[in-house]
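K.L.:
Sequence:
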Amino acid sequence: MSRRRKKKEQMGSSAPGWMTTYGDMVTLLLVFFVLLYSFSIMDISKFQGFVTSFRQRAGILDGGMTINENNLIDGGLIGDGIAPSIMNLNLILREMSIYIETEGIANEVELVLTDRGLVVRLTGQILFDIGKADLLEDGKRLLDKIAELLIDIPNVIMIEGHTDNWPINNERFPSNWELSTARATNVVRYFIENTAIPPERLMAAGYSEYRPLYPNDTVENRAKNRRVEIVVLNSTHNGRGD
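So this note's numbering is basically just the index in the sequence shown, starting at one, shifted up by 1.
The set of hints was computed from the structure by calculation and includes no laboratory data.
None of these values were measured; they are calculated from a predicted model.
Worth double-checking, as some hints may not be accurate.
[Unchecked claim] Under the rule of at most 30 Å between Cα atoms (straight-line distance), these lysine-lysine pairs were calculated in the DSSO-like manner:
id: 1; residue 1: LYS225; residue 2: LYS146
id: 2; residue 1: LYS146; residue 2: LYS133
id: 3; residue 1: LYS141; residue 2: LYS225
id: 4; residue 1: LYS225; residue 2: LYS133
Start from the sequences, fold in the hints, and give me the full structure.
P.N.:
See below:
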């Protein structure tokens, strides 16, 4: 009996006493991290529900345009792929669409989402007389409205001037390069002098006749190619004019 009791006492004392406390602590830590993980899963689920709700409420744009995975602008993605700037561009598109319809200028203003950002395409006739770069009064009113919608977003804004292939050669504009650049810089100057858009957010470029939208083979097509594009650049293109 004494030998058996001695063996049991030796077996019972083989593990140090602190091991029991250590095991309890590890178990508690495991439970704690499992709880944290379950909470994080819950938050993600709630966020995904919010994203789905937002898409259903604000994903459809006036004019039949829809923001989806195929036309999301790159940069600044949150959650499952929505960019913060998309929400702002959605509102700008909506407000601009309403303004264009109200003013009856759908033939002079076009809104396009591209991989560069939001393009507000203005035909030359609403801004300038043919062969000139002085802003018309109707064009100034339109620029005022556009500026109201662009003041509160941080994106860089590129103003691009384009012409048709009809040659010009006078003292002020020796070629279409000078004409397209003058038109772009005059729009930038108007924004700086008459609106609250910060000058550091503005850029200008002139592309002459070399980026036409349509072949310059008809009067109508040449009129469409004479244009100024206000490009609200996304984060991957900010500061670049390509």
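K.L.:
Against this structure, judge whether each hint is valid.
P.N.:
Cross-check of the supplied hints:
The suggested pairing of LYS225 with LYS146 holds, with an alpha-carbon distance near 22 Å, which does not exceed 30 Å. For a cut-off of 30 Å, the pair hint linking LYS146 to LYS133 stands: about 23 Å separates their Cα positions. Proposed proximity of LYS141 and LYS225 is supported: the alpha carbons are some 19 Å apart, at most 30 Å. Under the criterion of a C-alpha separation no larger than 30 Å, the hint pairing LYS225 with LYS133 is consistent with the structure, at around 16 Å.
In this structure, every one of the numbered hints holds.
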